[in-house]
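Engineer: What follows is the residue order along each chain.
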Amino acid sequence: MSDASVDPATVAHVADLARVDLDEDEAEAFAAQFADVLDYFETLDEVPEIDTEPELVNVLRTDEARESLSQDEALRNAPETEDGYFEGPPVG
Amino acid sequence: MSDAFITRTEIDGDADGPLDDQRIAVKDNISTDGTRTTCGSAMLAEYVPPYDATVIERLKRAGATIVGKTNMDEFGMGTTTESSHFGPTTNPIDEERVPGGSSGGSAAAVAAGEADLALGTDTGGSVRCPAAFCGVVGIKPTYGLVSRYGLVAYANSLEQVGPLAPTVEKAAELLDVIAGPDERDATTRSEGADTNYASAADCDIDGTTIGVLTDLVDGADERVAAVFEERIAELEERGAEIREIELDSLAHAVRAYYVIAMSEASSNLARFDGVRYGISGGFDGDWNDAFARAREAGFGSEVKRRVLLGTYALSAGYHDKYYEKAQDTRAWIKQEFDAAFEQADVLASPTMPVLPPKLGESLEEPLQHYLMDANTVPVNLADLPAISVPAGTADGLPVGAQFVGPAFGERAVIRAASALE
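Going line by line, the protein sequences match chains A and B.
Position 12 (the first sequence) corresponds to 12 in the working numbering; numbering is contiguous.
Position 266 (the second sequence) corresponds to 266 in the working numbering; numbering is contiguous.
Hints are not guaranteed to be accurate.
[To be verified] List time: in silico SDA-like cross-link candidates among lysine to any residue, alpha-carbon distance up to 20 Å:
| id | chain 1 | residue 1 | chain 2 | residue 2 |
| --- | --- | --- | --- | --- |
| 1 | B | Lys-321 | A | Asp-39 |
| 2 | B | Lys-321 | A | Tyr-40 |
| 3 | B | Lys-321 | A | Val-59 |
| 4 | B | Lys-321 | A | Ser-68 |
| 5 | B | Lys-321 | A | Asn-77 |
| 6 | B | Lys-321 | A | Thr-43 |
| 7 | B | Lys-321 | A | Glu-55 |
| 8 | B | Lys-321 | A | Pro-48 |
| 9 | B | Lys-321 | A | Thr-10 |
| 10 | B | Lys-334 | A | Thr-52 |
| 11 | B | Lys-321 | A | Ser-5 |
[As the list claims (entries may be wrong)] According to the in silico footprint, chain A covers these stretches of chain B (three or more CB under 8 Å from chain A):
| id | region |
| --- | --- |
| 12 | 26–36 |
| 13 | 338–347 |
To be clear, the hints were calculated from the coordinates, so they are not data collected in a lab.
We treat Cβ as the ideally placed atom computed from N, Cα and C, and that holds for glycine.
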């Protein structure tokens, strides 16, 4: 049956990859729920391989400058800004 | 004050047009210039878009008045509107029950007469489910018919903006306004230009072949199935030809849908870093520390669950097992639908396999919650148009019937639904 054993440490690892902090209770609750969901996903194995040739159409446009948001508009929703820039934590 | 809305507004149309005097409610994941657009999330509780979505520009140009932004499951992730940061919306038909989701506020606003029409978005049933639970009409257009520019993405390969209305004709009129190609959404197609879907609501079912999706009827609550079957029999008496259609691929649709939707969500929601918008994660540690704190504070449980499961499904060692197989399933479902449309003009099923649950009833087990989407997700996976139309009631609660059409076959599903109305 399922090889999807999910413990709180696995959940914590995935949360780290996804850049989402979780508290311990949440990681524990998720572990049980993820095991259920992944177990359910298991039977996708039975699905045959399907060859498809999707219809693809080139929708590129020429690379020309066009109207866009002003700097003020782009910064309007930022929690912190400085001198016309977004402000974030220090790098490295 | 109604719990259908997160924000009340009064945004007037720019011109005289087909939607003059129409009060329209808009789901709160569709960007409105100068009016906050929260996606039902704490992350965006204060977010005010600096531009209008294309569908909003089209509503204004058609003369509509936008009366508010409606409640929804956080980022569209839910089937009951209970995962909203702003609290649940109640079903106007029965206040102990959910309105469906994720466009629950839009359906409730129309059902309660607080708006004449509404826009929702449908990623796996999020227009059709609340339409069915609230006793109104909802349309999920063919993928590419309506622009997604300005729609905050959840699972972009699956979602479309769609209308909700008290009647099929009114829903079709609203679809005529929002459909059509848009150079700002490269997935839009020319088939949406100059449509006249409203004229297809002529109630004429004589000679139409309806394929009943037996897998989806058999999986439904028997009270729901009974209402559906009675109405299909009535259409047969009025000249429709009924065929039973079995599609083996549908048994895997919910699995494939959730793998794909969660995977896309994990990528789309990476933009919420608390730097450019949203809740700041502060300045301690490095960027990753700050992002992780912002996302812990800004996202609710269901959003975290889906982002994490999507990250897991795409991670090294699991990509082939989950994501590749889900894509195979998606292609299989498309092939089976294509074959079905060689035997039938439209396909039909109950929209939802259950009656509207009571508030809180479906929250404990995420997997059980996901299974409610069994009848609606196949259409999103196959990029097809579908409509939910009120079919009657069971135990006093609304039951919706779903008609599915071939790609860009909106007229066929609108015609069939108008006959059942």
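Engineer: Now tell me if each hint is right for this structure.
Structural biologist: Hint check results:
1. B/Lys-321 / A/Asp-39: holds, 12 Å
2. B/Lys-321 / A/Tyr-40: Holds, at about 13 Å.
3. B/Lys-321 / A/Val-59: violated, 31 Å
4. B/Lys-321 / A/Ser-68: Between B/Lys-321 and A/Ser-68 the Cα gap is close to 41 Å, so the pair fails against 20 Å, i.e. violated.
5. B/Lys-321 / A/Asn-77: Roughly 39 Å separates the two Cα atoms, so the pair is violated.
6. B/Lys-321 / A/Thr-43: OK: B/Lys-321 and A/Thr-43 at ~10 Å, within 20 Å.
7. B/Lys-321 / A/Glu-55: violated, 25 Å
8. B/Lys-321 / A/Pro-48: holds, 13 Å
9. B/Lys-321 / A/Thr-10: holds, 17 Å
10. B/Lys-334 / A/Thr-52: OK: B/Lys-334 and A/Thr-52 at ~10 Å, within 20 Å.
11. B/Lys-321 / A/Ser-5: Answer holds: B/Lys-321 to A/Ser-5 is near 15 Å, not above 20 Å.
12. 26–36: violated (count 0)
13. 338–347: violated (count 0)
Checked against the numbered hints given earlier, the structure breaks hints 3, 4, 5, 7, 12 and 13 and satisfies all the rest.
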